[in-house]
Amino acid sequence: MTSRSDLSAKVPVDGNVPAKAFVLEVHSDDPDAYLSEIAGRGNVQDTDDAFLSRVFTPSAGEFWVDRLQPRFWVFHTIGASVPAAAWLRDRVESRRDTDWMWLPSAHLRYIAPGALSRRVGTRFDGKRLVSSDAAARDLRVQLSGSHAERLLDEITGLPDYRSAVSFSNIEVDLSDPDLGPLRESVRRWGAFAAHGEQFTHHAQFVQTVISRYACLVESIEALSLRFVPLDTANGTTSQDADAGGASFAGMPIGIRFSRPIPDLPAFCEELFSSRAPFRLWGQPAVIDDEALVEAVDLHVGQRIGIELGHDWMRVYLHAGSCGNTVARLISNLQTRFDGALALTHPDLQDAAGLKPATALAR
Amino acid sequence: MESRLVPVNAILDLALADGLNPAPLADAGWAVAALEVPVRVGGETVVCDVVLFNPQAGHLLVVEAKSGANLEPEQGRKLIALTPELLVIAGGITVPKPVPLHCEVLYACLADNADRICLGADEAGLRVPVLAVSRSDARLLRPQMAGPLLSAAFSSPAVWTHPIARIVPFDHESPAEAFDQPVRAELIAAMAQQRPSVTIRTLTEQAVRHFPIYGRAAQNRLQRAVRDAARRAAEAEPERFRYERSTAVSEERVAVLRSPETFDRRGRTQGYQAVWGSRAVRPRQRAEIPGQMDLFSELDEAERVATEEESDNGNEGDGDAQ
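One line per chain: the protein sequences are W and S, in this order. Just so you know, we're using our numbering here: the first sequence kicks off at 1 and counts up by one. Just so you know, we're using our numbering here: the second sequence kicks off at 1 and counts up by one.
These aren't lab readings, by the way, just hints derived from the structure by calculation. Glycine included, each C-beta is placed from N, C-alpha and C at the ideal position. Incorrect hints may appear among the rest.
As the list claims (entries may be wrong) - One side only, chain W facing chain S, incomplete, derived with CB under 7 Å:
hint, residue
1, S81
2, A86
3, L230
4, M251
5, S274
6, Q302
7, H345
Chain S on its own, in the form it takes in the complex (with noise of 0.2 Å):
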């Protein structure tokens, strides 16, 4: 993962209790509401990079995800200044129980940044906690400016037992090759659906999951970054994709000119590792066919023939070219 983008993927990993790393942050009864809310507060906007809503404590909590080493003062002020009416508003977020509102402000970035981060803060004047996220694990610091709430979830550091999830896993600032896995994936996606055809917007949507959270310039930045993995991919399999300008009738596009779903088992799975590059394909034995001779064994046969895979693993061919 990009360092950039590992403080907002950390923040959203420890508020997610999926049972791989620790979540000390829903164990604390945070959960992810919203992410890049803009929100209006003295006639400017301030984008929150992610909001998290306690439900039971009624307490918001406001992160600024630092990419890198400096804070803005400005943007600090404005963050300081929210309401937790403002934000629950901004952020569409339901409030289930009658409870008072309270928001607070966490500044997270790489653990590197933290001594700078901490500066800039101090500088600026604003009190503000900071997580730390070093590769083993995330530390708050300043814990005295923290709420007892986060004070008590990070009372001692979050280690890491397993690589941070990826849930923004690149931006519209990732460099090229970013776009290309899943670019590459949706465009095997649509043969495997047997469409004829992607238009760049529906694969930058589709591609970039996360697409939603981003403001019309970085929407547009991202479409440019799939266009241009498009075009690298249908470049790389010219039998297969076609790049297709927009014209008066329609929009740009990437042509779908073959699809192994059109052979027949083998051909089908040969053709699918045949594109970008091929892969070996080893031969292995043809399974036993077992009895069907009573009600244990009479579906068998239709196991092997509902499931089996030797039809369409076989030994090396030539591809879909058959």
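Extracted from the complex, chain W is given alone in its bound form (with noise of 0.2 Å):
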């Protein structure tokens, strides 16, 4: 059988192809089961370690499945990217408990910053969501070089063009010197490509994104709006049987564009088409400078409320949904509409808006 400690020779960072590892977001009582279900009878095999296991898929080869964290389950290969990240999205796509990691734009932009990020890209596609007329609707950056981050700040201070910036993929070089040296090369959807001396520097890598990623998601679950039953909450059975009474927890999520809606019912109509990546299924009623729709999430196939105005989105996120839902929300508003938006909420800002000083420390 193998051990956890075999992985570095399982999942070597020091060939010639990088190891790659991918996250999904999974809900599952039975994680045993639910692997068995998705890669298929007989294609699972156990290790010595509960939380690991060996899959072998015939399109994309075999991937080690460390589930150590219960909800975000790390699929490594050293197999072709292309059919491992098509097994695994045809995984997502058939499933309404699992889902990609969204990493929003700072989540990125400060991933280690310790370390010296070597590239950047930004793939801002504003097409359907921008104005024609805005100065920045299209933005494709891809830079190499020392700090290469900086180029992406340096357009993010130029008023006309801040919202245009979103850090979709990232390389950075660490080094530790127990570790030895890492090249990571992240992507927003939660795909990781790396070089280096030792397995467990970048798994270690990927956790860390992970927990603060876990941290964003568990901070907008902790705001979903609650009504539970005065007596489920007191523990009782009323006497009064037509009495009501719930008590009450939560709030909505505010998000505030840093550039106008241009035109609300074309806004709408796109975000709420159905349409990937935002996958929004509503029909929303737009009156004056408002727009309200009871949308559903059809990656998971749950119900939000969304409210619209000309710089600012309101979103209802009931007792039960996952807050993964939003993150994928923003990162997609980042890269599609505005990469400079804001939570109004400032805890939910801090999880998601990562400042150098609490990046490392989360």
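Put the two chains together into one complex; each comes in its own frame, and the hints tell you how they fit.
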């Protein structure tokens, strides 16, 4: 049998082929059964580690699946990234309890502040949501060089262009006296490619990124709207069956845009068209300068309420809904409409917009 | 939002520090504890629309949100008679610090009705402050009758910078069309989850997220409204949904006859767009496929495969009928 320490040999980071890691967000009460279900019976092999499994797929080859974080599974492989991503995409799309990890721009910008950024990329595509009159409707920048992130920071400093800057990918060099050098390339949908000396360095890096993202998702879910019948909340049974009453907690999640929505009906038509990447279904009611919609996140099949104004959005996430829905919305809005958007709740903004001083601490 | 529901939603918004509208109640330390709390007082039950608790000050704020212009004197006298202890017990409120408890009653109403509410309070001998909510702000009337914490919180009007949040977007008295959007959204969610059917009871609890706040009579009215909305939704899409009455072996429900989830990616998107009205689907160009020669571009093709939308955002087609 294989143990966790064997992973460095199974997924070497010092070979000719980069080690890849893909992170999926999974909701399952029975992880073992779930993994067998998505991988296919007979394709999952246990290891000595209760949280580590080997999965063999006919199309994508071998994955080593680390479930140490119950909600965020890491699929390690040295197989080709295209079939690996395709296989995982099919799993994600066929399920309503599985999704990618959707990193907000700042999680990439500050992914490892102590490290040296070697390459950065932004792929801002505002063709569908940004006015054709805008100074920056579509922006693709890819830069290689020492402290490559500084170029995007410079562009962010230009008022006309800051809303079109969203980190989509980054490559950084890390160095640790014990673990050696490591080069990591990270995509906003939770994909990693690494070269280095030690697998554990790479694995720890991935876990750090996941932990920060988990913090964001949990912060979002902490604000979900919850109505709990008082009988349940009090642990009693009401003698008055006709009475209602419920405890209440949570609040809507506010987003403030740095650029105005040019045409609210057209914006809504696109946002709620069921198309990727948002995959939101809805029939917005636009009245004056406000739009209301009971939307459905088709990724997970859950309803969310959304209000939109000239330069703001309010999201009503209900208890039991997945915070990944809002994280995905934020990440996609950053790359499609406004890379400089802000969350109005200070805790959420802290969790989504990591600053250099806090990035590594989380 | 229906004007009836403005006062209660205004109170909730003023107590939610979500960073959009001003939240003087939250800033002063209050948080919403419970809604529609039935409290037994003097052998009778009085229902408190909103109960807020300030754990630092040990202060409970009981809000009567008036949907109209009439104040009921008897209800007001019952509210005045409430004690903090009764409210804590009835609302299941956790008191984290051993501080002396106090309670206070606040009436909230539309600004247009404020004069009549104040007059009604005077005639009933109720020395209560009134929060008048208009389209532009919320301001405290009769501040001399408010406790120092409350009057300080509203020393100046709270000016709305955004529309009032819709925590209670509709209720059992709302018009039928208020139920269409949430019911249809829940039916689409059932489609996306590939559920074969959803019972009217479940649909009601899902479509009316604040369902638990209501008593049985109101819940029954809500269920009827949801049933009617579900029937309308099914009748408008007979090939996709069917309303089924209850039988000896099954509850009344809406059956999902056909879900876009059974189609390929392109058909799926267009299938959802077609439900309850088609959408124009704009043609779009295929994105370039970048190279994958080095580490930085190693994941480019994988990213395209995993997240690209071309394959499910195709040109105009004939919906999900393929």
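Please list, smallest to largest, the hint numbers that this structure does not respect. Hints that this structure does not satisfy do not exist here, as all of them hold.
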